[in-house]
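Protein chains in written order, with our numbering: chain H, 1 to 392; chain S, 1 to 277.
There may be inaccurate statements among the hints.
[Said to hold, decoys possible] So, partial list: chain H residues that the calculated Cβ filter (under 10 Å) puts toward chain S:
(1) R111
(2) A323
(3) L379
No wet-lab data here; the hints were simulated from the structure.
Ideal Cβ positions, reconstructed from N, Cα and C, are used throughout, including at glycine.
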Amino acid sequence: MSAIYLDNNATTRIAPEVLEEMMPYLSDMYGNPSSMHTFGGQLHRRIEEARAKVASLINAEPEEIIFTSCGTESDNTAIMSAVESLPRKKHVITTRVEHPAVLNFCQHLARKGYRVTYLPVNNQGQLDTNVLLKEIDEDTAVVSIMFANNETGVIFPVKEILEILKERGILFHTDAVQAVGKIPIDVKNLPVDMLTLSGHKIHAPKGVGALYVRKGTRFNPYIIGGHQEKGRRAGTENVASIIALGRASELAARNLSEEIKYLSALRDRLEDTLLKCCPDVRVNGDRNSRLPNTTNISFEYVEGEAILLRLNEYEICASSGSACTSGSLEPSHVLRAMGVPYTAVHGSIRFSLSRYNTEAEIDRVIEVMPLIIRELRLLSPYGREKIVCPPE
Amino acid sequence: MWEYTDKVKDFFLHPKNVGEIENADAVGEVGSIICGDALKLFLKVDKETGKIIDAKFQTFGCASAIASSSVLTELIKGKTIDEALKVTNKDIAEFLGGLPDEKMHCSVMGREALEAAIANYKGEALPAHEEGKLVCKCFDVTEEKIRKVAIENHLTTVDDITNFTKAGGGCGECKPDIEAILRNIWSLKPPEKPPKPKKLTNLHKIALIQEIIENEIRPGLQADNGDVELIDIDGNKVMVALRGMCTGCVMADVTIKGMQNKLRELVSEDIVVEAYQ
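Input sequences plus hints: build the corresponding full structure.
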């Protein structure tokens, strides 16, 4: 049996259709789209086709899509472009639970003299838009708030945020890396100024992303050089991966509503069963406003890395917010911002599903997980009276 | 992903000597669930020979914490109390074929539990934290522990200390203190401090305070998503407003105090820093 991959918010497998579509551009069709000869120049049209497909996934216009190398580049570009186009404004607003691509970039701006406000979230991981209203002022250049959180899957109230920012001359960027292709996003309905998306979260390869920039939004390129992307992002196009992103966007758009139903049913079954058969377990994040594929569950009295390595023995892949898995001694900044008790943060496990997960795989996790938790709790000096955790 | 040796994996997946000993002759408990790892060690000791005839453990923690605990029990079984006291954190790590640098604190936790259990056996009270000796408040690490671990393992950098004891791995505020302890142990010279200016005009003083806040105070706060803004300077009174994560932080008073100390050290003894309301 091959690995049961439940870490799709980290990265996804390349869809077979996508791989097939991109392969020729990694072998025979290696030209440069900027060339005068047909061999290279013909690729330009393929890039434009991909652009239209990506645009269509979020109901944008093709010319509003800029291809980049990854989500991080899109995030950095968006925020930098915003502050550069409003040079007199020195205030940036974001949240405490952003991805490091936004969080650390804002810290970088703070070191350069910008004032940065990090909005708090409540214990459900949800943003209070009233706090945003209080924090914005004449000096605010840009607000960057994620569409959905990568660790908990909590979806942020972008519509309400836009209501607050309306007609104040403040730019709004959203890191939608986790949301695009998982829930419907329509930039005509939700008029964000800029939106980040990433290829490898939607079954395209790593190393390609896109930035949506609303028509009429002032834009300053971040990577300076050649005329590619109409001068908005220099560097020879990653042709194969851009074509792959186009195909992946097409697949995501086509299957979106069925996938939402399929994934939320699978996820709910996994979550409900684990809640039922393991005592002292909690779900982190607002269950009423969440991505259909994500669940973040805390198992008290046991530590996340230990759970992951036990799962690894069954070839089950997940991730954790515990300190031991973060590369530092500090556990997840997202769960801490939500006020999740340290004890629960240490034992937090994120399962994130994709269209390729099956009922049988979820059954296997439901079978194995309670045993692992029981075994580790038997090892633990805590929660001794509550280790009873028999799978039915 | 951590690169664990096969031995670590084996002791993690199939730990030996798990559990409690009823009527144990000694119990040693270290760490806490808040810190992310904890170990409870139980010993059964033969009264006549002084030999440890059984050792069991319970551990909350990651794979290397569980493996280190289990190895500890294996290493001390059959030894007399005095022999067991010679088991060091290095012995535990070596038995496991090495641990990743960042995980060395797991082996130190094993050694500490052993000391605690033996103190318990001998009826000695564990040396309680003396006032002012606590260095790392995030992970509750004393100067004594830092000294001991540094000398036993020949540690010379703050990163080493963090890997072995966790000290400095949280807010990072104690890093200069750790550095001072290391300098003291290995008698290294402190870096040259800029001499304190003798007589300052108001203009100079204001410029100097601005410079210090900008270059020495803000970067540290920003590293934790916080920030500070200089609002006004009136004589020796410096008014600042905490921003970002610092706003409403429970440690706000400590942060202000730290700022004051820094400015007193570098500008003038009479500086008073106040939070702007």
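Right, here's what the structure says about each hint:
1. A distance limit of 10 Å between C-beta atoms decides the matter here; for H/R111 the minimum to chain S is near 6 Å, and the interface restraint holds.
2. Annotation: interface hint on H/A323 holds; nearest CB of chain S at approximately 5 Å, less than 10 Å.
3. For H/L379, the shortest C-beta to C-beta distance to chain S is roughly 6 Å, which falls under 10 Å, so the interface hint holds.
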